[in-house]
Amino acid sequence: MIHDGNRTHLQLRLTLKKSPFVAVSFLAILAMTSGNPTKVQAETTNKKVVIGYSTYTVANPAFAGIILGVKSEAKKYGYKFIMANSNNSPSQQISDVESLMSEGANYVVITPYDGTAVAPAVAAAKAHGVPVIALADHIVTPVTATYSMDHAEGGKLAAAEVVKFLTKKYGTPKGNVVDLEGIAGTVAAALREKGFADVLATYPDIKIVARADGGFNTDQANQVMTTILQGHSKIDAVYGANDAETFGAVAAIKAAGRFAPVGQPGHIFSIGVDGSEPAIVGIRNGSQDATVSQEFIKMGSEMVDNIHAKETGSIPAIPSVVWPLMVINTSNIASPEVKAYGIWADQVNQ
Numbered sequence: 001m002i003h004d005g006n007r008t009h010l011q012l013r014l015t016l017k018k019s020p021f022v023a024v025s026f027l028a029i030l031a032m033t034s035g036n037p038t039k040v041q042a043e044t045t046n047k048k049v050v051i052g053y054s055t056y057t058v059a060n061p062a063f064a065g066i067i068l069g070v071k072s073e074a075k076k077y078g079y080k081f082i083m084a085n086s087n088n089s090p091s092q093q094i095s096d097v098e099s100l101m102s103e104g105a106n107y108v109v110i111t112p113y114d115g116t117a118v119a120p121a122v123a124a125a126k127a128h129g130v131p132v133i134a135l136a137d138h139i140v141t142p143v144t145a146t147y148s149m150d151h152a153e154g155g156k157l158a159a160a161e162v163v164k165f166l167t168k169k170y171g172t173p174k175g176n177v178v179d180l181e182g183i184a185g186t187v188a189a190a191l192r193e194k195g196f197a198d199v200l201a202t203y204p205d206i207k208i209v210a211r212a213d214g215g216f217n218t219d220q221a222n223q224v225m226t227t228i229l230q231g232h233s234k235i236d237a238v239y240g241a242n243d244a245e246t247f248g249a250v251a252a253i254k255a256a257g258r259f260a261p262v263g264q265p266g267h268i269f270s271i272g273v274d275g276s277e278p279a280i281v282g283i284r285n286g287s288q289d290a291t292v293s294q295e296f297i298k299m300g301s302e303m304v305d306n307i308h309a310k311e312t313g314s315i316p317a318i319p320s321v322v323w324p325l326m327v328i329n330t331s332n333i334a335s336p337e338v339k340a341y342g343i344w345a346d347q348v349n350q
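Residue numbers for the sequence shown follow the UniProt record's numbering, so the first one is 1 and each next one is one higher.
Just so you know, the hints here were simulated from the structure itself, not pulled from any lab data.
Please note that the accuracy of each hint is not assured.
What the hints assert, rightly or not - In silico BS3-like links for lysine-lysine, alpha-carbon gap of 30 Å or less:
1) K126 <-> K298
2) K234 <-> K48
3) K76 <-> K48
4) K234 <-> K207
5) K174 <-> K76
6) K234 <-> K254
7) K164 <-> K234
8) K168 <-> K126
9) K169 <-> K234
10) K168 <-> K310
11) K76 <-> K234
12) K126 <-> K169
13) K164 <-> K75
14) K194 <-> K234
15) K164 <-> K174
16) K298 <-> K194
17) K254 <-> K48
18) K168 <-> K48
19) K254 <-> K75
20) K164 <-> K126
21) K169 <-> K254
22) K76 <-> K254
23) K169 <-> K207
24) K169 <-> K339
25) K48 <-> K126
26) K254 <-> K207
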């Protein structure tokens, strides 16, 4: 890893179920998915290159950035963009990949619900000579290229922020922490959890008083955090494996009457991963402390740029990219460093 301040060279998921906590940016995604509930096709003027994108959800705010990055860059090159949403079904995602190829996709991009279960879809694509690119998470079986963050590093960065807060609060690293994990069985969730837990394990006075599956989902995280709050009168910090979880957890804290803004006495520290809109809004209004951001729009567009470079012969093969991360918090959100890195959530509604 290459570390540079809060930055490190080094992604996500969720469910489609409706939530009262879903941010306004989802309207852009919902507009794209109107009509056929599982498929959407972009307007195009060139059908030589067809990029087929298979995702398992569009409810997670992070997917607004992913889709925007891929779709807009494909349009720039005149490539056709088609998409399938499996709605959290591994078997449907396998079928979706087959459908995308039958519709002419000569590049298949997958954000897997389950990086192991999707292997038959990868095999089918390979049998048809179609390159497979994993986007925003990892696929266990070999693929053409992977564009993703280092998930373990993301968990470590989040843990480091928790340690800083607790040390400042108590003068020594100690306190009670709630750990909300991502979707059980996914590569992203497992690695983020490992990174987070490994760091906190080195501080014996920091106790993880509750650990629960937040499902990368706002509603689910809200429900489990509500239960955790009822059983624990003393909580100093909460970590969500993505920002959707953290948003749900903060809402539960508010509903329980235990919310205090960032910097105020009684404040429960909160941090997530992704840099999505709920987190950026929360950091700006003092309801969330920090997020470990990954620039999804640039990630998606760079992937398409490399597809184009391969198509035009500029590069021999599509490279894999470990995407750089940056901790964005209440102290640095307006800094030149964060501006240079980019706040992708601000671009979604432009």
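Consistency of the hints with the structure:
Taken as a hint, the K126 and K298 pair is honoured in the structure, with Cα atoms around 27 Å apart against an allowance of 30 Å. Under the criterion of a C-alpha separation no larger than 30 Å, the hint pairing K234 with K48 is inconsistent with the structure, at around 59 Å. This hinted pair checks out: K76 and K48 have alpha carbons roughly 14 Å apart, not beyond 30 Å. Only pairs whose Cα atoms come within 30 Å are accepted, and K234 paired with K207 is accepted, the gap being roughly 11 Å.
Our distance criterion of 30 Å between C-alpha atoms is broken by K174 and K76, whose separation comes to about 51 Å. Distance hint between K234 and K254 is fulfilled; the C-alpha atoms sit about 15 Å from each other, no more than 30 Å. Using a Cα cut-off of 30 Å, the hinted pair K164 and K234 holds, with the two alpha carbons roughly 18 Å apart. Proximity of K168 to K126 is assessed by CA-CA distance (about 53 Å); at most 30 Å being required, the pair is judged violated.
Taking the CA atoms of K169 and K234, the gap is about 14 Å. The hint holds against a cut of 30 Å. In summary, the hint linking K168 to K310 is not supported, as the alpha carbons are separated by about 50 Å, beyond the 30 Å threshold. Proximity of K76 to K234 is assessed by CA-CA distance (about 52 Å); at most 30 Å being required, the pair is judged violated. Of the supplied pair hints, the one linking K126 and K169 is violated, its CA atoms being roughly 54 Å apart against a limit of 30 Å.
Our distance criterion of 30 Å between C-alpha atoms is broken by K164 and K75, whose separation comes to about 44 Å. For a cut-off of 30 Å, the pair hint linking K194 to K234 stands: about 24 Å separates their Cα positions. Taking the CA atoms of K164 and K174, the gap is near 10 Å; set against the 30 Å cutoff, the hint holds. Only pairs whose Cα atoms come within 30 Å are accepted, and K298 paired with K194 is accepted, the gap being roughly 26 Å.
A C-alpha spacing of about 52 Å is found between K254 and K48, which places the hinted pair above 30 Å, so the restraint is violated. The straight-line distance between the Cα atoms of K168 and K48 is roughly 57 Å, outside the 30 Å bound, and the hint therefore fails. As the CA atoms of K254 and K75 are separated by approximately 42 Å, the hinted pair breaks the 30 Å bound. Among the hinted pairs, K164 with K126 is inconsistent with the structure: their alpha-carbon atoms are about 47 Å apart, more than 30 Å.
For a cut-off of 30 Å, the pair hint linking K169 to K254 stands: about 21 Å separates their Cα positions. For a cut-off of 30 Å, the pair hint linking K76 to K254 is broken: about 44 Å separates their Cα positions. For the proposed pair K169 and K207, the alpha carbon gap of about 15 Å is at most 30 Å, so the pair holds. Of the pairs offered as hints, the one joining K169 and K339 holds, with about 29 Å between alpha carbons and a cut-off of 30 Å not exceeded.
For the hint linking K48 to K126, the alpha-carbon distance of about 19 Å falls within 30 Å, and the restraint holds. A distance of roughly 23 Å separates the Cα atoms of K254 and K207; the hinted pair therefore holds under the 30 Å criterion.
Violated hints, in rising order: 2, 5, 8, 10, 11, 12, 13, 17, 18, 19, 20, 22; the structure is consistent with all others.
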